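Engineer: So the chains spell out like this:
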Amino acid sequence: MTTTTITNATATQVYQVFIKASPEAIWEAITKPEFTSKYFHGATIDTDRERRRTFMRGELANVAEVLEYDPPRRLVHGWNAFYDPELAAEGDSRVTWELEPQEGGLCLLTVVHDRLEDSPKTAASVAGPGWMFVLSGLKTLVESGDAFVSQD
Amino acid sequence: MTTMTETATTQVYQVYIKSSPEAIWEAITKPEFTMKYFHASRVELTLVPGSAYEGWSTDRSMLWVDGTVVEADPPRRLQHTWRALYSEETAEEPHSRVTWEIEPAGEGVCLLRVVHDQLENSPKTAESVSGTGWMHVLSGLKTLLETGEPLGLA
Numbered sequence: 001m002t003t004t005t006i007t008n009a010t011a012t013q014v015y016q017v018f019i020k021a022s023p024e025a026i027w028e029a030i031t032k033p034e035f036t037s038k039y040f041h042g043a044t045i046d047t048d049r050e051r052r053r054t055f056m057r058g059e060l061a062n063v064a065e066v067l068e069y070d071p072p073r074r075l076v077h078g079w080n081a082f083y084d085p086e087l088a089a090e091g092d093s094r095v096t097w098e099l100e101p102q103e104g105g106l107c108l109l110t111v112v113h114d115r116l117e118d119s120p121k122t123a124a125s126v127a128g129p130g131w132m133f134v135l136s137g138l139k140t141l142v143e144s145g146d147a148f149v150s151q152d
Numbered sequence: 153m154t155t156m157t158e159t160a161t162t163q164v165y166q167v168y169i170k171s172s173p174e175a176i177w178e179a180i181t182k183p184e185f186t187m188k189y190f191h192a193s194r195v196e197l198t199l200v201p202g203s204a205y206e207g208w209s210t211d212r213s214m215l216w217v218d219g220t221v222v223e224a225d226p227p228r229r230l231q232h233t234w235r236a237l238y239s240e241e242t243a244e245e246p247h248s249r250v251t252w253e254i255e256p257a258g259e260g261v262c263l264l265r266v267v268h269d270q271l272e273n274s275p276k277t278a279e280s281v282s283g284t285g286w287m288h289v290l291s292g293l294k295t296l297l298e299t300g301e302p303l304g305l306a
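Sequences listed follow chains A and B, in order. Heads up, the first sequence is in the working numbering, so the first residue is 1 and it goes up one at a time. Heads up, the second sequence is in the working numbering, so the first residue is 153 and it goes up one at a time.
For the record, the hints were derived by calculation from the structure and aren't laboratory data. Accuracy of the hints is not assured; some may be wrong.
[Said to hold, decoys possible] For the chain A half of the interface with chain B, some residues (derived, Cβ under 8 Å), not all of them:
(1) F18
(2) S22
(3) S37
(4) F40
(5) V66
(6) P71
(7) R74
(8) H77
(9) N80
(10) L108
(11) V111
(12) K121
(13) A124
(14) S125
(15) G145
Keep in mind the model is a prediction, meaning the values are calculated, not measured. Note that beta-carbon positions come from the ideal geometry of N, C-alpha and C, so glycine has one too.
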């Protein structure tokens, strides 16, 4: 009997979460550093039409190219696991954020992390709980105004 | 979006919830909570292996989901079989299996993992719970526990 399993550590990973907030509010939380520091492992991330700059403890740690910027609907940017030299050496992948309004003032946020064919270690490190830790923290922040956990 | 051409027969979902394992366990196993995030269904079960796991309509007139409890270890792990009776197509398929695992993750946060497997002979069920299916339920559960209010998904 053949079994297909989503192990999550695949070259294309899809994560979805429903959030009680407007697409505009979620877009802000994704692209503005004062918000990202509260759910993205303490990283201050500033995203504009061209670049996504990640600062760790005040220092610029990574710059990624923004491939598509369509607020408040769709954001696509490059991704490199710069925080770990072994993973960083695998090269770049891609992250897409899609925000779809739903009835009742809700929003469906879909994150696709793909182009991970040549980055198995990166794929494994972001899979499953990896991305869901970030998206869970984002949801809590936007819905409650609180950071999820301390981001040290 | 996804490149999967075949719906997975083992599906794994995770969500981190700022709540205690006990509160999450209550929300999964008591109808007054499930009504607020589980498609308005009243979930009823006892913790005795072999006993029924049932999901009733809000007015308790229709049985939407039936199954059997396999393992109940509060507030850590609940495993039960699952058959969706609310659709003729899925009602004809054999039972699949759902496992809920609650793991403390520090600072008053828990990782809730849901594994829906044994779907090899239940392709319509697999399809209907995949994608936003389980995340609809888990998003609602998280919002309810963290804010005290339902998410408001239909």
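Engineer: Now tell me, hint by hint, if it's right for this structure.
Structural biologist: Hints versus structure:
1. F18: Nearest chain B Cβ about 4 Å off; hint holds.
2. S22: The hint is violated - S22 of chain A has no Cβ within 8 Å of chain B, the shortest such distance being about 14 Å.
3. S37: 16 Å, violated
4. F40: 13 Å, violated
5. V66: 19 Å, violated
6. P71: 20 Å, violated
7. R74: Violated: closest Cβ of chain B sits about 12 Å from R74 of chain A, beyond 8 Å.
8. H77: With a minimum Cβ separation of about 17 Å from chain B (threshold 8 Å), the hint on H77 of chain A is violated.
9. N80: Violated. Min distance 22 Å.
10. L108: With Cβ-Cβ at 7 Å, under 8 Å, it holds.
11. V111: Nearest chain B Cβ about 10 Å off; hint violated.
12. K121: Given a least distance of 20 Å, the restraint on K121 of chain A is violated.
13. A124: 14 Å, violated
14. S125: With a closest approach of 14 Å, the S125 of chain A hint is violated.
15. G145: 10 Å, violated
Figure legend: structure checked against the earlier numbered hints; hints not met, in rising order: 2, 3, 4, 5, 6, 7, 8, 9, 11, 12, 13, 14, 15.
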